[in-house]
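**Q** Here is how the chains run, residue by residue.
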Amino acid sequence: MELLGAIVTLIGSLFLFLGAVGIFRMPDVYNRMQAGTKATTLGSILFLIGIGVGHYECGCLGKLILLIMFIIFTNPISSNALARAAHFAGVKLTKLSVKDDLAEDGLEKGEEK
Amino acid sequence: MADLIYNIAAIIALAGIVLSFVRLILGPTAADRAVALDGMTIIAISLIVFIAYYSNRVIYLDVAIVYGLISFIGIIAIARYLERGI
Chain A
48 MELLGAIVTL IGSLFLFLGA VGIFRMPDVY NRMQAGTKAT TLGSILFLIG IGVGHYECGC
108 LGKLILLIMF IIFTNPISSN ALARAAHFAG VKLTKLSVKD DLAEDGLEKG EEK
Chain B
528 MADLIYNIAA IIALAGIVLS FVRLILGPTA ADRAVALDGM TIIAISLIVF IAYYSNRVIY
588 LDVAIVYGLI SFIGIIAIAR YLERGI
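Sequence lines, in order, name chains A and B.
According to this note's numbering, the first sequence is numbered sequentially starting from 48.
According to this note's numbering, the second sequence is numbered sequentially starting from 528.
Calculated directly from the structure, the hints in this document are not laboratory data.
Computed from a predicted structure; not experimentally measured.
Pair by pair, the computed Cβ-Cβ distance ranges are: (1) L140(A) x D589(B): 38 to 46 Å; (2) S144(A) x I586(B): 40 to 48 Å; (3) E151(A) x L596(B): 34 to 42 Å; (4) E104(A) x A557(B): 44 to 52 Å; (5) V549(B) x L108(A): 34 to 42 Å.
Covered, in the sense of this in silico footprint (three residues per stretch, anywhere, with C-beta under 8 Å from a C-beta of chain A), are these stretches of chain B: (6) 552-559; (7) 563-576; (8) 585-594.
Built from N, CA and C at the ideal position, the CB exists for glycine as well.
Take the sequences, apply the hints, and build the full model.
**A** Given below as structure tokens:
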């Protein structure tokens, strides 16, 4: 059981590392945000599940599940707020991008739909 | 065997924190730095949970929960500031 948890933790840490590589290497803010948020969310979920399964005799799986639910709920919200703020603050997209739906909608800065 | 794999996993996650920190220093705009800080925070929550089990202190899990709360509020505040100023 402990070995299973250790392997799940190792897979989760690989996802965390790949998310960090995405943050380091991607060309602009939006790509960095996409790579960083998705990979680190999945990686941290796997990491916490692996530790909770490997040390299940501790009896504090409830707190870990609370932490996992918290990460699932709050990470996309903060990423969405950052992407919106970066777009309205005037950060340019990279030259390789082909579509910008938010600019085509014609919303002015800070205007609600 | 299992302890060795846990330690290797923690070292790999720590390398991720170092890469994100390089982006935090280099990043051309403020949004880049905020994104790197967000990634560092998520990896740091995982490492705090690892330390809680490494040192057999369950109280550190509460530290991880509070750290996640405060980082979420901080990122939201940074996003509001970048969008329209405080």
